[in-house]
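Residue numbers (our numbering), protein chains in the order written: chain Z, 1 to 259; chain G, 1 to 259; chain Y, 1 to 259; chain S, 1 to 259; chain R, 1 to 68; chain U, 1 to 68; chain F, 1 to 68; chain E, 1 to 68.
Because the hints were derived from the structure by calculation, they are not lab data. Just so you know, these numbers come straight off a predicted model, no measurement behind them. Glycine residues also receive a C-beta, built at the ideal position from the N, C-alpha and C atoms. A hint or two may mislead.
Said to hold, decoys possible - Examples of chain S residues lying across from chain E (beta carbon under 10 Å, computed): (1) Ala69; (2) Gly70; (3) Phe72; (4) Thr73; (5) Ala84; (6) Glu117; (7) Val119.
What the hints assert, rightly or not - Part of the chain Y face toward chain F, derived, beta carbon under 7 Å: (8) Ala5; (9) Thr39; (10) Arg43.
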Amino acid sequence: MLELAGRQLRSRLILGTGGFPSLELLREAIEASGTELVTVALRRIDPGMRGSLVDVLDAAGVELLPNTAGCFTARDAVMTARLAREAFETDLIKLEVIGDERTLLPDAPELLVAAEELVDDGFTVLPYTNDDPVLARRLEDVGCAAVMPAGSPIGSGIGIANPYNVALIVEHARVPVVLDAGIGTASDAALAMELGCDAVLCASAISRARDPVRMARAIRAAVEAGRAALEAGRIPRRRYAEASSPMHGLPELSGGPVE
Amino acid sequence: MLELAGRQLRSRLILGTGGFPSLELLREAIEASGTELVTVALRRIDPGMRGSLVDVLDAAGVELLPNTAGCFTARDAVMTARLAREAFETDLIKLEVIGDERTLLPDAPELLVAAEELVDDGFTVLPYTNDDPVLARRLEDVGCAAVMPAGSPIGSGIGIANPYNVALIVEHARVPVVLDAGIGTASDAALAMELGCDAVLCASAISRARDPVRMARAIRAAVEAGRAALEAGRIPRRRYAEASSPMHGLPELSGGPVE
Amino acid sequence: MLELAGRQLRSRLILGTGGFPSLELLREAIEASGTELVTVALRRIDPGMRGSLVDVLDAAGVELLPNTAGCFTARDAVMTARLAREAFETDLIKLEVIGDERTLLPDAPELLVAAEELVDDGFTVLPYTNDDPVLARRLEDVGCAAVMPAGSPIGSGIGIANPYNVALIVEHARVPVVLDAGIGTASDAALAMELGCDAVLCASAISRARDPVRMARAIRAAVEAGRAALEAGRIPRRRYAEASSPMHGLPELSGGPVE
Amino acid sequence: MLELAGRQLRSRLILGTGGFPSLELLREAIEASGTELVTVALRRIDPGMRGSLVDVLDAAGVELLPNTAGCFTARDAVMTARLAREAFETDLIKLEVIGDERTLLPDAPELLVAAEELVDDGFTVLPYTNDDPVLARRLEDVGCAAVMPAGSPIGSGIGIANPYNVALIVEHARVPVVLDAGIGTASDAALAMELGCDAVLCASAISRARDPVRMARAIRAAVEAGRAALEAGRIPRRRYAEASSPMHGLPELSGGPVE
Amino acid sequence: MTASVNGEPREVAAGTTVTALVVELGLPAGGRGVAVAIDGEVVPRAEWGTREVDEGARVEVLTAMQGG
Amino acid sequence: MTASVNGEPREVAAGTTVTALVVELGLPAGGRGVAVAIDGEVVPRAEWGTREVDEGARVEVLTAMQGG
Amino acid sequence: MTASVNGEPREVAAGTTVTALVVELGLPAGGRGVAVAIDGEVVPRAEWGTREVDEGARVEVLTAMQGG
Amino acid sequence: MTASVNGEPREVAAGTTVTALVVELGLPAGGRGVAVAIDGEVVPRAEWGTREVDEGARVEVLTAMQGG
C-alpha cells in the first residue's frame, strides 16, 4: 500500500491523461493500468470537444490530480492551482512551473516559491521537480506531500538519465518520491522502483505508444516487478562469476578403467 | 506463446534451480515464477542428500532442461549430455562449455564443436554462449534450437553489459534468443525482453535473493512487462521534451480587465 | 584561446588547489597542468601553517580565483566574496552556495540570489551550479560571466553523471561553460570538452591522485585532446560496421589454374 | 616504452591507413599522430592509382603492419599473410578473419585456427579479436604476440561498448592488449588506456573525421592522457562528496559584536 | 455590452451572471470540472449565481483537458 | 573384487550388475534421474540389468542436482 | 580590553588598529591575501590603519587556504 | 597465350617470367610492396626471375592499399 497525500493507494502507477488519441483508449488504458490517480490539465473550453473527460474519469472511479502544466511563473501556477481547486473540488495539485520550452524542466526558484505559497493556502502539493537532491529537500521542507523528480524531459522517453541523483533523493526523502517524466518503456519504470521510488507517473510512454492499452499493462507490471524486486532484496553486483551449478561432485569422464 | 525447441510455452521465464537454500523454497519459487522449464545439473550422488530434486520438479509439473555445467571441453560436455539423456529421458540439453573459471564464460571453438556433435547425435541443443553475434550465428547454422547469450558472467548480477550486442544477435537470429546469465534484478529482465529476446533464463538473481519467492514473482512480472512493452511499440527517444499537456488553450491569468 | 571573464587564457584547465599534500606538490602540479587560473579558499588564519600559499601561487604566475566554499546561504557567500575581493584584489569569484553537506551540491534559489547580488556589486561571477539547464540559463540571465555545472558531487570522481544535461547547457549557453566537480580521471575531462564545455575545473582528481603531478599532466593532455576532437569533427556513431580496408580488389586465392 | 612484438615503441597509437581522403592527408596525420606503426591492406593493383602508399609510409619512417582484412576463412587469411610477408618483408601480421559483413566482427574458431597456423609458420601474429576474455586467452595460448580486442564494430564510432570485458582481458593477459576498432573520439581512446590497454589502434576515427590531422593530434594526446592517468593512480569513485576546500576555519560572518 | 471571454470579444446582456454565461457556453449547470476567473481572480463557485459580468471584463472559462 | 565408484574404491561382489549397484547405493530401482558411466562410456538404462561391473572398472553414478 | 578574534577571546590594547592586530598575528604588513571583518562587516584595506578594534568586537582575520 | 591476371584474361608471351609481368604492369622492378600468387600459391620473390607464367595460369598481383 502506498500512502500518498493522505490516500491509501493500491496502485503505484499514476497515469497522465495527455496524449491519448481518444477518450475510449484513455478509458481502456486506465483500466489496464490499474491506476487510482490520474492527472488532468485545465484549459479554455474548446467548443469542438466531444465527450467529457471528467465524466470518463469519474466513471472509471479514479481520483483527479490537476496539474499546472504550461505555467512559467509561480504566480500563474498558484492561480491555476486555485482554479483547479474550484473546478475539481480537490486540494491535490501537481505543481509544474516550467523554466524552458525546449526541455520543459522546472524553474527551481519559482517552483519553490509556488510550492510554499500553495502549501500555506492549504493545498496538498505534489511538485514536478528536476533530479536535484537539494531542491527535493527544500520542497519537502516547505511542506510538499511528495517530490516528483523528472527522470528526463517530459515526453523524451530517455528514461532515468541520472539514476545516481534519483537514488540520492530517495535516500534522503521523508515524503514519497514519485518518478515523473521521461519514462520510455517498461524497464525504465522497473528501474525507478528498484531505485526506491514509491511510485511512477507516466503519460506519453503509455498514451503515445503504438498500442497504449498494452503499454499500460506493461508499465503496470513493470512497476509491480520493480517494487517486488526492491522488497525481495537483489543479489549484489560481482566482478566475477559465481557458479550456479555445483563445482564439486563432477564425474571423471575421460577414459578407461583404473590402471 | 513461445515456441522453443518444439514446445509451446506460456511462460517466457526459464528457471535455473541452482542456489536455492532448500527444495521447499525452490518449489515455491517455481510456482511463483510460472515457469514451465527448469535446469538441472548432473553430479555424483551425494549420500547425505535429503529429498529428491527430481520428485520436486516432477510434482511441480515442469519440464527438465539438463545442463553440462562444469565441463571445460567439448568431449566432456558431449559425454555429460549423453548421461543426461539417459538420466532424464530427454533430448533437451543446455550446452555449457566453460572456458575460464573466473568468468565462467564459454569457450567459443569448443562450444561450436560440441554443439555440432550433439545436434548430429539427435539432441535439441540450447547453447549457453557469449554475446558475440558471429558465434550466435554459427551455433544457429550447425542446428541449435536456440541461442542463449550471457548478459554478463553467471551469478554476477551485472545485468546486460552490452545491450548493443544482444540487439545484434536478436536482429539476425532465426531461432529463439534466450538471455541467459547475468540478470541481477527485475529491470534487467525487462530490458532483455525489450531488446527482443524471446525468453530469459534466471537462476542466482532469484535463488540468491533475500526473498527468492518474491523475486521469482518480480522477475516473472518483469519478463511479462518487457515483452508487452516490446509488443506495444515504445515511443522513440527524443532529445527534447514533448509536452504531455496541451500548449494551447492556456488562459490569460495576469491581471485586470481589458484596457 | 579561451575568453573567460574578460581574460584570454591559453589553458582550458582551471586548477583547484584543495587537497594537495604539500605546497611543493601544488607548485609542481601547477607547472605540469599549464593552468593560468587557480582557486583558493578563504579561512581563518592558522597559526601552525607553514609557507604562504599566495606566495607560491604568485611565483607560479597564475591568477587567483577565490571561492565561497563552505557557505550555505546567499548572505554568507556574498560576504565571503567581499572579503575575498579585499584579500586578493580581484573581482573574480567562484560562487558556491552549498545546499547539502552530503553531496555539496548547490542550493539553486540561494545561488541565484547571491549571483544577482554579486553581479550588481561589480563582481565577475563564476557560479558553481548543478547540471540543471534551466538554472544555468537563469544564472546567465542575471549576468554571470560563465556557468560551472557539476558533473557529479565534488570529490566523488564519478565523472559526468548526466552528459545529456551538460550537452543541453552547452547548447543553450551564451557564456563559457566550465565543467566543475566530479572529474575522476583523464577520460572524464576529455568527454567534458567533447560535449562542448569551454574549460574544466579540477581539484581532487589531481590533488588526491597517487601521483598528483603526473595526473596534472594527464588531465591537461585530456583537456587538449577533447577540445581538439571537438574541433576536428568526430565521425558519427553507426549501428553497423564500416570497413576501413577496401572491400573490392580482393584476390581470388582459393585454388588452381582457370579451368 | 611499449614493448610490442619485439619492438620498442615510444608511441602507443597504431594508425590504420584506411579511409584517408588523400596520401597527403595520411602523411600529415602520421606526423601529427606520432605513430611508429601503421596498417596496410593487400589488394589487386589498381591501374588508376596515383602515388605509392609504400613510398609515403617509408618516407614517414613508420613500420608496416599488413592486415588480412576482407578474409572470411582461416585459409584465406593465412594465404594473405604469406603474400604480405613477401610484399613487405615483414613477419608482422594483423590477423583478421571476419565472420559477418554487417558487423565485421571476427569469427572466433576460424581466427584461432589461423592464428595457430601463422604462429607455427613463424609469423608475429597480432589478432583482431572480439571482447571475449576466453578467446583472448586462447589466442595468447597459441602464441600470439598481442591481443587486439574490438571496442565495437570497425568504423562504428561507438567506442568501448563493454568496458567490463576489456578490463577482464587486460587483467588476465600476459601479452600486450591493443584496443582495436570502434574508437569514435578522444575520450574513447583515453578510456581504453585507463582500462589498462597497452595501446590503441585507430583508423576511421581519424581518417574520416572532418579534420583528420587535428583528430590525429587529439587521439595522440588522449592516448598519452589515458596512459598517464593510469600510471598516476586515479581517485576512487565515491558515493558522496568529499570537500576540496577545508570545512574547518570557516569564519562566523553573521552579524554584530559578541553580546 | 462586450466582455472578453477566453480571449475573444463576446456580447453579453447586462446583468448576466457567471452561471448564466457558463450555461450559455453549453457547459453543465452544476459546473463540475469548470472554473472561472474574472480579471485575473478566481470566482468561487458559490458566487457564480450572483456575480455579474461587467462591461470589459476579462473572463476565463476553463475546463478539464487531457494533460500531464 | 574392487571397482572405483564415483572416485572411491568400493568392494563389489563378482557378477554385480549395474542395477544391483544402483540399488545398493540406495537409489530408486526405476532409475529416474540417474545415469551411469563405466570407463568413460555411458551405460544405457536398457543394459543395466545385464551389464556387470568388472574388476577395476571406473564407475560413475550420477544424479540430478540443483544447478544452472 | 577583550575582543573576539577568529572565535577566540583575545586581549587587545585600547586603540589597537586593524593593521596593528594583523601584524600582531604575524601576518605581512602589506596584507596581500588577508581580509578582515568586524562584527559581520568587511573592513576595506584602506581603513585598516585608522579603524580601531572595540571592546567586544567580533573580528575575523582570514587568509588564503588551499581549496576549491 | 592467355593467363588470368587479377581476374581479367591477359595475353602474355610464352616464357614471360613473373618479373617481366610485374614490370609490364608498370610496377617497380624491385617489387617492394608487391606480392604475386599463381594458382593459389605464393611465388616467393626469389623465384620471380625464373618462374614463368603458364597458359591458363591464374595470377594475382597484389600491392599495398590503405586499409585497416
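Hint-by-hint comparison with the structure:
no.: 1; hint: Ala69; verdict: holds (5 Å)
no.: 2; hint: Gly70; verdict: holds (8 Å)
no.: 3; hint: Phe72; verdict: violated (16 Å)
no.: 4; hint: Thr73; verdict: violated (13 Å)
no.: 5; hint: Ala84; verdict: holds (7 Å)
no.: 6; hint: Glu117; verdict: violated (14 Å)
no.: 7; hint: Val119; verdict: violated (18 Å)
no.: 8; hint: Ala5; verdict: violated (16 Å)
no.: 9; hint: Thr39; verdict: holds (3 Å)
no.: 10; hint: Arg43; verdict: holds (4 Å)
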